[in-house]
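2 protein chains.
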Amino acid sequence: MKPPVSVTITGAAGNIGYALVFRIAAGQMLGEDQPVILRLLEVPQAMTALGGVAMELEDCAFPLLHDVVLSDDPAIGFRDTNYAMLVGAKPRTKGMERKDLITENARIFSAQGKAINEHAARDIHVLVVGNPANTNTLIASANAPDINPANFTAMTRLDHNRAMAQIAAKTNHLVADVTRMTIWGNHSSTQYPDISHCLVDGKPVTDMVSMSWAIDHFTPTVQRRGAAIIDARGASSAASAADAAIDHMHSWILGTDEGDWVSMAIPSDGSYGIEPGLIYSFPVTCKDRSYEIVQGLEISDYSQEKMRKTEQELLDEREMIADLL
Amino acid sequence: MKPPVSVTITGAAGNIGYALVFRIAAGQMLGEDQPVILRLLEVPQAMTALGGVAMELEDCAFPLLHDVVLSDDPAIGFRDTNYAMLVGAKPRTKGMERKDLITENARIFSAQGKAINEHAARDIHVLVVGNPANTNTLIASANAPDINPANFTAMTRLDHNRAMAQIAAKTNHLVADVTRMTIWGNHSSTQYPDISHCLVDGKPVTDMVSMSWAIDHFTPTVQRRGAAIIDARGASSAASAADAAIDHMHSWILGTDEGDWVSMAIPSDGSYGIEPGLIYSFPVTCKDRSYEIVQGLEISDYSQEKMRKTEQELLDEREMIADLL
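Chains as they are written, first to last, in the working numbering: chain P, 8 to 332; chain C, 8 to 332.
Please note that a few of the clues may not be correct.
A pair counts as met if it fits within one copy or between any two copies, since identical chains are not told apart.
[What the hints assert, rightly or not] In silico DSS-like links for lysine-lysine, alpha-carbon gap of 27 Å or less:
{"id": "1", "residue 1": "K316", "residue 2": "K97"}
{"id": "2", "residue 1": "K210", "residue 2": "K9"}
{"id": "3", "residue 1": "K177", "residue 2": "K9"}
{"id": "4", "residue 1": "K121", "residue 2": "K106"}
{"id": "5", "residue 1": "K106", "residue 2": "K316"}
No wet-lab data here; the hints were simulated from the structure. Values in this document were obtained by computation on a predicted structure and should not be read as measured data.
Work out the full structure: start from the sequences and follow the hints.
Shown next, in the form of structure tokens:
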């Protein structure tokens, strides 16, 4: 058995956290041969509820779960940690402008970046789930100058998985038959789910669905899926967000399948003309705990325009929090 | 890849259901080589919420999930199903007597037993989670005369896992070091968590902890754990109950570890002098999709008394619903 690794989860008593921690302890994220120590971080007013989550974790008798550490202090929560999943964030409340949302969260994520810089393992792998995820990632990374910026990523895997599911349903295939989906840009309504390179059963999906279906149905369905789930459940997506977070880390650490790729929001290196340093979702392959952007994809004029639009939104967001970088 | 099997879950939009269905779809219950079709059953007023759960299941793009069927009609929910997890039950409300709780649930579970008898696969494996679980199981089985009664079981695995975790914590060991825990009897406050045969790191735990600790701390902690979690979380245990349900089915279908056993509430065959036919929790080993009661354990006078007391409660419960058997 390998030595245990530490996984820090912020907002661990929230709905996504509750859907996430049990699956990590069961070995679904890092493999069934990898013992874990969970370091669960919460705000002070959620510590009692977090205690209840820890009791339930204990009650599951997970053989891989070696310890659970609870804290409202980032210095403890991030101590020597190998993986961090930053789930907790301030949600947008009624009457709040997007700018307020961004600046309020900027404060949280700059503090967490500093704590990671000071306390975490030097090769920590960070996934930001809390919104606005891309810009929160940028802030956290900027505040952790001693950590490789490539190790700070944001989640667009839920969008990626949703897009795969829509294609599977439309083409009457299993989701396992769908490969090479791409989400470009920001995890927001400007994201661009791109089926140009997507395959179903190894064949181009663009031969199976029309461009007008993609534009008028597929793209808005993926972009607005979160709201549709709130309408049905009366609560926002928690289990599917947690699942996507597990998928993101699993792919990153254990690798992607041969011939396929996944979508991750990562620091742009200028590929496809995207402003370097922006946290932008690209198609990536993963191996040996690192990722590489898929190169050489043909980009149509339509795609180009969509990719620029979501890039522009990220540039605007960066502008709003420039003082924190 | 094996052909898909059907798993029916009742109360699938509830909290335990929400913690359960994603893990089954991810392959944690029946193995990562076993595709599944989920048949989710709910009451009519929960069908909209259930639709939201199904959207999230779709959004996870689980390669093993071949289909999701939603219904409020047991004839559809149990059609040709191979596994059923009966989670939905009427909860005890303020001022309700235990007798009322038992008879109200008896009506639900007799109807489900009839639907299973009429529509399910002949070798269906049934786990009842909804309380009062043991007596609900008895009723469901009695109303499904064409199905082998041995295939109807109730869950005491959460109690079993909780007991293991308490022993691990007390002896400063990992839970993976704890084996041969036993829960006897009813999934209620009369249950008897028995450490007489329990091993830690292969050695008798009775050499490591005192009888007075077991009686005054261990037993009440296990029995009252559910209430302690409600106090902390402000909500009842959902993820740990779902986890125990997965463990129960996983052990039953895929087998128990060599030299270890688990606790399952099953129809008594008279072993240890327990009234035949009662759904009583015993230590069992599992192999080839069936279980066997562990025989020949030495029972102390103290244990005997505890085992009788929980048996008596089950006899009393059976008396209350005798007209439905």
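Hint-by-hint comparison with the structure:
In the homo-oligomer, the alpha carbons of K316 and K97 lie at most 27 Å apart inside one protomer (25 Å), although the nearest pairing across protomers, at 51 Å, exceeds that limit. In this assembly of identical chains, the alpha carbons of K210 and K9 lie at most 27 Å apart only when taken from different copies (24 Å versus 40 Å within one copy). For the identical chains of this complex, K177 and K9 are inter-copy neighbours only, at 25 Å across copies versus 43 Å inside a copy, given an alpha-carbon limit of 27 Å. Proximity of K121 and K106 under a CA criterion of 27 Å is satisfied intra-copy only: 22 Å inside one chain copy versus 58 Å between copies.
Taking the shortest alpha-carbon separations for K106 and K316, only the intra-copy value of 18 Å comes in at or below 27 Å, while the best inter-copy value is 64 Å.
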